[in-house]
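*Asks:* Going line by line, the protein sequences match chains H and L.
At position 220 of the first sequence the residue is numbered 219 (numbering that gives the first Met the number 0), and the sequence of numbers has no breaks.
At position 249 of the second sequence the residue is numbered 248 (numbering that gives the first Met the number 0), and the sequence of numbers has no breaks.
Treat the hints as calculated values from the structure; they're not laboratory data.
Computed from a predicted model, the values in this text were never measured in an experiment.
Wrong hints could be hidden among the right ones.
Unchecked claim - Stretch-level coverage of chain H by chain L, calculated; a stretch enters the list once three of its residues show a Cβ under 8 Å from a Cβ in chain L: (1) 175-187; (2) 237-245; (3) 259-268.
Said to hold, decoys possible - Computed list of lysine to aspartate or glutamate pairs in DMTMM-like fashion (alpha-carbon distance at most 25 Å, straight line): (4) L/Lys107 <-> H/Asp286; (5) L/Lys428 <-> H/Asp210; (6) L/Lys48 <-> H/Asp286; (7) L/Lys304 <-> H/Glu223; (8) L/Lys304 <-> H/Glu110; (9) L/Lys342 <-> L/Asp381; (10) H/Lys569 <-> H/Glu379; (11) L/Lys428 <-> H/Asp216; (12) L/Lys107 <-> H/Asp233; (13) L/Lys428 <-> H/Asp240; (14) H/Lys569 <-> H/Glu423; (15) L/Lys342 <-> H/Glu223; (16) L/Lys304 <-> H/Asp240; (17) L/Lys342 <-> L/Glu538; (18) L/Lys428 <-> L/Asp47; (19) L/Lys107 <-> L/Asp222; (20) L/Lys428 <-> L/Asp390; (21) L/Lys107 <-> H/Asp444.
Glycine included, every Cβ here is placed at the ideal spot set by N, Cα and C.
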Amino acid sequence: MSTYANSVDPPDLGMLPTFRRLLHIWREQWRLGVFALTCSLLYTLISITIPILIQRAIDHSIDISRHEHRQPLWPYLAAIAGLAACRFIINFNRRFATARIGVRIEARMRELLYQAYLRYPRAFYDRHATGQVLSRATNDLYPIRYFIGWGLVQGIQSVMMIIGAGIVLALVDPQLTLYAAVSLPPIGIVAYRFGHLVSPISRQVQARKGDVTEAADEAVVGIEMVQAFGREDDVRERFGDRAQGVRSAALRQATVESQHVPGLYYLPALSIAAVVFFGGRAVIEGDLTIGNFVLFETLLLQLVWPLEAIGWILDLAQRALASAGRSFAWLEGIEPLPDPANPRHLPPGPLGVRFERVSFAYGGEVDVLRELDFVVQPGEIVAVCGSTGSGKTSLLNLLPRFYDPTSGRVLVGGVDTRDVPIAELRASVALVTQRPVLFSVPLRDNLTAGREDADWDEVLAACEAAGVDAFGPTLPDGYDTLIGERGVNLSGGQRQRVALARALVAGARVVVLDDPLSAVDTLTERRLVGRLRPALSGRTVLVATQRLSTVEIADRAVVLLDGRIVESGKPAELLRAGGPFATLFGDEVVAA
Amino acid sequence: MKGLWRYLEGRKLRAALMVLVGAGNAAAQTGGWLLVRDAIDNGIVAGDKRHLTIIVAIYLVVAAAGWLLQAWLIRGLAAIGQAIVIGLRRNLFDHLTNLSLRYFSQQKAGWIIARLTSDVDAVSDVLSQGMPTLVSNVILLPAAVIALLIADWRLGLISFAVLPPALILSRWFQRVSHAANVEQRNRIAAVTAQIAESVAGMAIVQAFNRERRFQAEFDALNDANRAQSTYVQKIFSVFFPSIEFLGVLAMGTVLYFGSHLYQSGTLTIGTLITAIYLLQLVFQPLQELSDVYGQLQSAGAAMVKIASILDEEPEIRDRPGAEPLPRLEGDLDIDSVVFAYGKDPVLHEISFHMAPGSCFALVGESGHGKSTLARLIGRHYDPDEGAVRVDGHDLRDVQLRSYRRQLGVVLQDPFLFSGTIGSNIRFAKPDATDEEVEAAAAAVGVDRVAARLSGGLEHEVREGGAGLSSGERQLISIARALLADPRILVLDEATSNIDRPTEVLIEQALDRLLRGRTSIIIAHRLSTVRRADEILVVENGQIIQRGTERELLAVDGPFRRLAHTLDGGEPELAAAG
Numbered sequence: 000m001s002t003y004a005n006s007v008d009p010p011d012l013g014m015l016p017t018f019r020r021l022l023h024i025w026r027e028q029w030r031l032g033v034f035a036l037t038c039s040l041l042y043t044l045i046s047i048t049i050p051i052l053i054q055r056a057i058d059h060s061i062d063i064s065r066h067e068h069r070q071p072l073w074p075y076l077a078a079i080a081g082l083a084a085c086r087f088i089i090n091f092n093r094r095f096a097t098a099r100i101g102v103r104i105e106a107r108m109r110e111l112l113y114q115a116y117l118r119y120p121r122a123f124y125d126r127h128a129t130g131q132v133l134s135r136a137t138n139d140l141y142p143i144r145y146f147i148g149w150g151l152v153q154g155i156q157s158v159m160m161i162i163g164a165g166i167v168l169a170l171v172d173p174q175l176t177l178y179a180a181v182s183l184p185p186i187g188i189v190a191y192r193f194g195h196l197v198s199p200i201s202r203q204v205q206a207r208k209g210d211v212t213e214a215a216d217e218a219v220v221g222i223e224m225v226q227a228f229g230r231e232d233d234v235r236e237r238f239g240d241r242a243q244g245v246r247s248a249a250l251r252q253a254t255v256e257s258q259h260v261p262g263l264y265y266l267p268a269l270s271i272a273a274v275v276f277f278g279g280r281a282v283i284e285g286d287l288t289i290g291n292f293v294l295f296e297t298l299l300l301q302l303v304w305p306l307e308a309i310g311w312i313l314d315l316a317q318r319a320l321a322s323a324g325r326s327f328a329w330l331e332g333i334e335p336l337p338d339p340a341n342p343r344h345l346p347p348g349p350l351g352v353r354f355e356r357v358s359f360a361y362g363g364e365v366d367v368l369r370e371l372d373f374v375v376q377p378g379e380i381v382a383v384c385g386s387t388g389s390g391k392t393s394l395l396n397l398l399p400r401f402y403d404p405t406s407g408r409v410l411v412g413g414v415d416t417r418d419v420p421i422a423e424l425r426a427s428v429a430l431v432t433q434r435p436v437l438f439s440v441p442l443r444d445n446l447t448a449g450r451e452d453a454d455w456d457e458v459l460a461a462c463e464a465a466g467v468d469a470f471g472p473t474l475p476d477g478y479d480t481l482i483g484e485r486g487v488n489l490s491g492g493q494r495q496r497v498a499l500a501r502a503l504v505a506g507a508r509v510v511v512l513d514d515p516l517s518a519v520d521t522l523t524e525r526r527l528v529g530r531l532r533p534a535l536s537g538r539t540v541l542v543a544t545q546r547l548s549t550v551e552i553a554d555r556a557v558v559l560l561d562g563r564i565v566e567s568g569k570p571a572e573l574l575r576a577g578g579p580f581a582t583l584f585g586d587e588v589v590a591a
Numbered sequence: 000m001k002g003l004w005r006y007l008e009g010r011k012l013r014a015a016l017m018v019l020v021g022a023g024n025a026a027a028q029t030g031g032w033l034l035v036r037d038a039i040d041n042g043i044v045a046g047d048k049r050h051l052t053i054i055v056a057i058y059l060v061v062a063a064a065g066w067l068l069q070a071w072l073i074r075g076l077a078a079i080g081q082a083i084v085i086g087l088r089r090n091l092f093d094h095l096t097n098l099s100l101r102y103f104s105q106q107k108a109g110w111i112i113a114r115l116t117s118d119v120d121a122v123s124d125v126l127s128q129g130m131p132t133l134v135s136n137v138i139l140l141p142a143a144v145i146a147l148l149i150a151d152w153r154l155g156l157i158s159f160a161v162l163p164p165a166l167i168l169s170r171w172f173q174r175v176s177h178a179a180n181v182e183q184r185n186r187i188a189a190v191t192a193q194i195a196e197s198v199a200g201m202a203i204v205q206a207f208n209r210e211r212r213f214q215a216e217f218d219a220l221n222d223a224n225r226a227q228s229t230y231v232q233k234i235f236s237v238f239f240p241s242i243e244f245l246g247v248l249a250m251g252t253v254l255y256f257g258s259h260l261y262q263s264g265t266l267t268i269g270t271l272i273t274a275i276y277l278l279q280l281v282f283q284p285l286q287e288l289s290d291v292y293g294q295l296q297s298a299g300a301a302m303v304k305i306a307s308i309l310d311e312e313p314e315i316r317d318r319p320g321a322e323p324l325p326r327l328e329g330d331l332d333i334d335s336v337v338f339a340y341g342k343d344p345v346l347h348e349i350s351f352h353m354a355p356g357s358c359f360a361l362v363g364e365s366g367h368g369k370s371t372l373a374r375l376i377g378r379h380y381d382p383d384e385g386a387v388r389v390d391g392h393d394l395r396d397v398q399l400r401s402y403r404r405q406l407g408v409v410l411q412d413p414f415l416f417s418g419t420i421g422s423n424i425r426f427a428k429p430d431a432t433d434e435e436v437e438a439a440a441a442a443v444g445v446d447r448v449a450a451r452l453s454g455g456l457e458h459e460v461r462e463g464g465a466g467l468s469s470g471e472r473q474l475i476s477i478a479r480a481l482l483a484d485p486r487i488l489v490l491d492e493a494t495s496n497i498d499r500p501t502e503v504l505i506e507q508a509l510d511r512l513l514r515g516r517t518s519i520i521i522a523h524r525l526s527t528v529r530r531a532d533e534i535l536v537v538e539n540g541q542i543i544q545r546g547t548e549r550e551l552l553a554v555d556g557p558f559r560r561l562a563h564t565l566d567g568g569e570p571e572l573a574a575a576g
């Protein structure tokens, strides 16, 4: 089953195919793109014209040693001011247009990724850490945004500026242009090298900051342990080490900055010196006017930024292509769970469940379930027992099709789950997971997540059966209390009870409970077990559990061992039989 | 940011030196242009090639010096900044570990952690990256103005005409862009939270067919973020071209007045040209400072929040002259203890006495004060009235550390630190030898758990102990308590939540652990309660019944009613069996 693992972890796309796809996305914004490029061209032309006007003003109106007529200065100044005003408007439009392209493409990529995330199979989430999945749709998008938004247009503009200024300067004095250009290539190289060196280091700094977070997290969450054992000094030392790690990484970054940033400030001095020295001599010889001398200085200083920009953009392009390559690989390479080509529908009425010679293994690993046969009658409540790691959760996860069996079939209401439209299947199978997941919305919305139009009386009934009524009304805003980090943090047991109530509200005909009361204290559990049975009547229920008291809900218990069902029967009979079930729970009874 | 000043202690001289270096850097940038002026007037216009060569050479030396000074400035300021940051971080952390559990129960863990991390990081960003920009530009701006005045005071005055609009513009930009950036961060945080929540809860999202709803919520957040990004970009797109525009206007003004002065013979052409470039040096710091401004604001806000933790007084601290405890016998006396978290007391005049080596069990429904009592024994809180005494010493009179080193605690949900299983056991006694750790592990059966994991005791525990069952985590925490060899032991519901086979292991481990120690057990399981010498039934902060198991079961009282509901008392099934 190695293809299974590959299908959720496709290799990154190469540079060229990635670039083609990025261009494709860029073309969706072609109007803005063309507009920005037009502005760029105008901006370049004006930026070259203004220094020429200054040169004219100096040579014809100020320092007229070489002309008889002093021309009035004001037309030049008026033209300069007018062009500057035009340039302001054009520059605003160019910046805003390119930025909008970037912002839109960032939002678009994020939307595509999120859409895909919602469809990816469980195997994808087994394979990739949450942090990685998250950062691909957040931080990893920034290089893409800046490259495709700002970088592409700025790069083209930089090239236009260099060519335009080069032509103007070469027309005035080709030799001086050559001398003056000496410092320009190094500026681009320094900028590129800097970007190239500093981005991995700043990632390191982030990683070290993550270490600090981890150490802080541990100490704060485990503070009772720390204080109880009087081990404050040890955690301080540990935290201090992590903090030291951030410091060294930050200093390494400062070192790289100190090696490159001053270069960007002072390298242009070489060009200025060249113009003053060679240009000055030419002025003395009479080969160059003082106005042209100023033209050289001004245009050269104007080239510094475009050259830096080219350096940044080259580095940015690499990072953008790398991270876009990863994103496109996910978008194109991962298949969502396929809906059946010829869907069949579930029959009305209570649904039975049947596992037929079902084997299952997580991508490439050993079989967790082995040719398991297991039937649950419509309306029957069955407890699935077994020690940790016996495959209970894997068995339950096959029902809502989080996974498909590697061989054999899972039938719900007599229909293979793979033939039922996914939405229909999942609407008919309600699930309570081992670690309950609640969303950061009001309690009310958490309860009705499975059926939004549920009648409020039904919800309250479910809350009573699941024991939510014991704490729900006492929350600050009752059932409208916001749950989660920004609201109220419920205890593990409370979360489980909400999850249970949610599953009851969903009104599904099959209910799958994976150790639903493990975090509920024993007294409460005892109360709930009595109420749950009637609430579940008429539905087909599979409940996995470690506790004998929860088994009491069930009509029948089965024991899972080594991927097979090894025992089945009424709990009381199984206890008497002294088989695997009695081994799992027997001591509890003896103890009583 | 004032709170940072004291971390500068011992580095003030170096900080002053850095200001000098920054001044040198500014002098090199502005002085360079004054040299260019000299080269034009006394070299080019005067036709003196030798002078021109000399000045260009000096100019290059000055630029090289500026280069070095700036490199030194960046490195030096980062070193000082990081020293301050590490001082702040450590101080904050030390302070936190001294605060009582009350503080940690009142503040959300996430909030506290954010102070130690993202807030300190915000301060750090300003100190290591913002500082060089801040220092060099704060000096460069006046330096450029002064250089202009030196070049020609009349042209220098022009700079005062263009500076006010530029300053107003920068101020506007700082204010608006900061507010916009803060909002932008909120919106991207909302997007991130939405993605994080969906990814973490994807099983439920898919199981309940919630994809479309989540997509809609995400789209709204993503659009809001996009709109805000666009707005931020609009502000930037206005500001930088405006500064560029002002720069050209300033240059035109210089040209205009300069040409008049030049024609009247009171201004050299070199000064005129240099003034154009010096003016650009006035504008450049305005742009760069605007970038740092947001960072400064965030760091200031972060410092306020950090200070709120630093101002928190540790509630439990050693009294002056508190004596260290000698090795305890284990005599524990709870004397008329009253305690309240808020207004209403949780414990009402509880009294009992435990002889060294005895074992008491506390039973009762949750929320009636059992765990609070355990925490008073651990001196996580001090009683409002009455006293907790060990070997006759009031806990408030002894050195906290010396007491807690003789105390062992096993909690319901044992917390494991990242590291190996071995290092988690060693946590209680860092100087323990490997043999001692192994012995403790073997004594409670952790060695058997470890044997099936790769690496045995060297098996890496992931954060919070994920990957181990709660029973396995419990065994490790018992081994930890055993290694600490405490005289007094507190077990808070140490055996709930565990499957039966593991529980048997834990029961055996507890036998080892409890031997010869004074111990308090808070329990839900009959089998655990049974080992106690005496059982105290706690209800509403009072002891309502006490005695041995046999005595208590003999009478129709609270314990007998409770016994039916305790885990392990399985009346129906037991009857069936």
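*Asks:* Each of the hints needs a verdict: does it hold here or not?
*Replies:* Going down the list of hints, with the structure as the test:
no.	hint	in the structure
1	175-187	violated (count 0)
2	237-245	holds (count 5)
3	259-268	holds (count 6)
4	L/Lys107 <-> H/Asp286	76 Å, violated
5	L/Lys428 <-> H/Asp210	24 Å, holds
6	L/Lys48 <-> H/Asp286	15 Å, holds
7	L/Lys304 <-> H/Glu223	24 Å, holds
8	L/Lys304 <-> H/Glu110	35 Å, violated
9	L/Lys342 <-> L/Asp381	15 Å, holds
10	H/Lys569 <-> H/Glu379	12 Å, holds
11	L/Lys428 <-> H/Asp216	22 Å, holds
12	L/Lys107 <-> H/Asp233	23 Å, holds
13	L/Lys428 <-> H/Asp240	20 Å, holds
14	H/Lys569 <-> H/Glu423	32 Å, violated
15	L/Lys342 <-> H/Glu223	24 Å, holds
16	L/Lys304 <-> H/Asp240	24 Å, holds
17	L/Lys342 <-> L/Glu538	18 Å, holds
18	L/Lys428 <-> L/Asp47	82 Å, violated
19	L/Lys107 <-> L/Asp222	30 Å, violated
20	L/Lys428 <-> L/Asp390	23 Å, holds
21	L/Lys107 <-> H/Asp444	23 Å, holds
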